[in-house]
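We have chain A already, so just place chain B on it with the hints.
Which chain is which? The protein sequence lines are A and B, in order.
Quick note on the working numbering: the first sequence kicks off at 1 and runs consecutively.
Quick note on the working numbering: the second sequence kicks off at 1001 and runs consecutively.
Just so you know, these hints were derived from the structure itself, not from any lab.
Fair warning: this is a prediction, and the values are worked out from it, not measured in the lab.
Hints are not guaranteed to be accurate.
Said to hold, decoys possible - FRET-style restraints, in silico, Cβ to Cβ:
no.	chain 1	residue 1	chain 2	residue 2	range
1	B	V1085	A	N278	41 to 47 Å
2	A	A19	B	V1085	24 to 30 Å
3	B	M1001	A	W279	40 to 46 Å
4	B	R1006	A	P348	53 to 59 Å
5	B	M1001	A	G110	56 to 62 Å
6	A	D316	B	L1088	33 to 39 Å
7	B	V1085	A	P312	41 to 47 Å
Glycine included, each C-beta is placed from N, C-alpha and C at the ideal position.
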Amino acid sequence: MLAVWGVGAIALRATLIPAQVCPPLSSAGAFDGAKEATGWAARAQRADGTFLYEYDANRDIDLGGYNIVRHAGVVMALYMFAAEAGDSSVLPAADRGLDYMTRHMLRRDGWAAFQGFAGQDPQLGASALMVAGLAQRRTATSDPQFDDLMREVGRHIRVMQGTDGSFSATWLLATGGPDPSDRSKYSTGEAFWALTLMHRLFPGEGWDAPARAVADYLSLHRDEVEGFDFPPWADQWAAYGLAEMATWPLNDANIRYARSLAQRFGFLVRVESQRQRNWWSDLVRGPQVRGAGTGTWAEGLDSLYRLASIDPRMADMRDKLGERAACAAGILAERQVSESEASQYGVPGIAQGAWITNGVTRMDDQQHALSALVRAAAILDELRARQ
Amino acid sequence: MTEFLRMAVTFFAAINPAAVALGFALRDGAPPREQRLAPVGVGAAIAALLVGLAAVCAQPVLDFLQIEPETFRVAAGVVMAGMGVLALWSWRAGPATLPDGWQSGLYPLGMPLLAGPAGLMAAVSYGADKGAGLAFAAALPALAVSAVPATVAARRLRFVMMILAPLTGAVLIAMAAGLIVSGVRDV
Chain A
1 MLAVWGVGAI ALRATLIPAQ VCPPLSSAGA FDGAKEATGW AARAQRADGT FLYEYDANRD
61 IDLGGYNIVR HAGVVMALYM FAAEAGDSSV LPAADRGLDY MTRHMLRRDG WAAFQGFAGQ
121 DPQLGASALM VAGLAQRRTA TSDPQFDDLM REVGRHIRVM QGTDGSFSAT WLLATGGPDP
181 SDRSKYSTGE AFWALTLMHR LFPGEGWDAP ARAVADYLSL HRDEVEGFDF PPWADQWAAY
241 GLAEMATWPL NDANIRYARS LAQRFGFLVR VESQRQRNWW SDLVRGPQVR GAGTGTWAEG
301 LDSLYRLASI DPRMADMRDK LGERAACAAG ILAERQVSES EASQYGVPGI AQGAWITNGV
361 TRMDDQQHAL SALVRAAAIL DELRARQ
Chain B
1001 MTEFLRMAVT FFAAINPAAV ALGFALRDGA PPREQRLAPV GVGAAIAALL VGLAAVCAQP
1061 VLDFLQIEPE TFRVAAGVVM AGMGVLALWS WRAGPATLPD GWQSGLYPLG MPLLAGPAGL
1121 MAAVSYGADK GAGLAFAAAL PALAVSAVPA TVAARRLRFV MMILAPLTGA VLIAMAAGLI
1181 VSGVRDV
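One chain only, chain A, in its complex shape (with noise of 0.2 Å):
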């Protein structure tokens, strides 16, 4: 019978409960990483202002390819790093992404959109984190000289909201309006951030208003209305902005889906923690996910640590939100191709700082893990001192 047990009990650890490995990683580390994460979007950088979008490491081949939506996401993170670390050093290369995005606008009745490629149908995630990006950089540099083209841009954002609070992610040029069947399940949340961010850098101004219209949107009804089968959707945008809400303060909707998001990062972490580099993981636990994905869920996890640390509703999760976005940045850490590693590649400039899976990195690998590992840094200093 004891034999019995024995291969049962290994067959369970083998199967369902593998170790759930968490690099440890100090404040410093994080900023480390980030700060090598940000070294990568400078040397990706093209003259014209736009990045690498997608490479093979491995056979040193530019993939091709280019979303405007990952350029503003990168571009923000960046601004990001400056404001969260206060280091100035990557404003260059932040600023040429941004004068890339105002160089491809579009002005239509009072509001711009960045637009992309001539002729392109704006879509509504590329301006809502161009705005992010710039409330980022005026953190950073109190610089008000894109304050009204942030105001423009909110315009836009305003104008492809529903009366449910809901968005439309593109405009369609043909119609000259808001796309009503085209949905995202990316820009309903960053729009929402992008509003949140809107109204704290200009109170007074009615940002709020559509802001708490989109935060009780997902809160009640969007994983319904727009299909999700295991709902919620691990949205970190809109954790972004339910954080950023956090002393308005929150309605009661509002923090139970900031509680089920919660749960959500959480299980994602534990399952990816879970994960390692060898065909018995692959086959039981599924493969490692790319940088973007875990950055995404650190991103998700730090704000709603941050909202836990503010609102009472939340604090009795604020312990394990900690634990598993300190989880999440050390899994990040030590993913990520350290110079060293980068020397084994064809052209190590373009592999370190990367997050690099099958031989592959794209450029919002690096934007999620950046902003995971700079906003974890704080957590991580926290969680140090209470230890």
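Positioned in the frame of chain A, the structure of chain B alone reads:
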């Protein structure tokens, strides 16, 4: 349902008094009723010791294994659900013939009938989540209740027990599902 009641019901379903009776007192070759007291006493004591040990050592064991209690909850639920399915199929643990005297209290009564995989997993999970004292306290009623039919059950009750055992297995599956969901839906 209060948390303590939920834990007590889970332990009751995990230990499954009807299945214990079928696996010990009502099986072929079982000792007569007047000779069961010693093995049941030994079995109950062994089971209480093992469950208590599992609850007390839960956190150190999980720390050693590098497993968060929330993650272990899912594994415990899966094991419990599996044992619930076995109870539905009327599977019985234990040897073909019972050892003589008090030794049958050690095996199979103490372990695995009273302290089986489901009960021990529940003890570790609740011990880590709710504390060893509460987990042990929640397990004691189920152990005590299980000792009664193991001691006094007569063969005429066999049919009743054969109905109750799978029903209790179904309850275990339901409680296990709750534990799995709780493990998934936690930070």
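Output the indices of the hints that this structure fails to meet, ascending.
1
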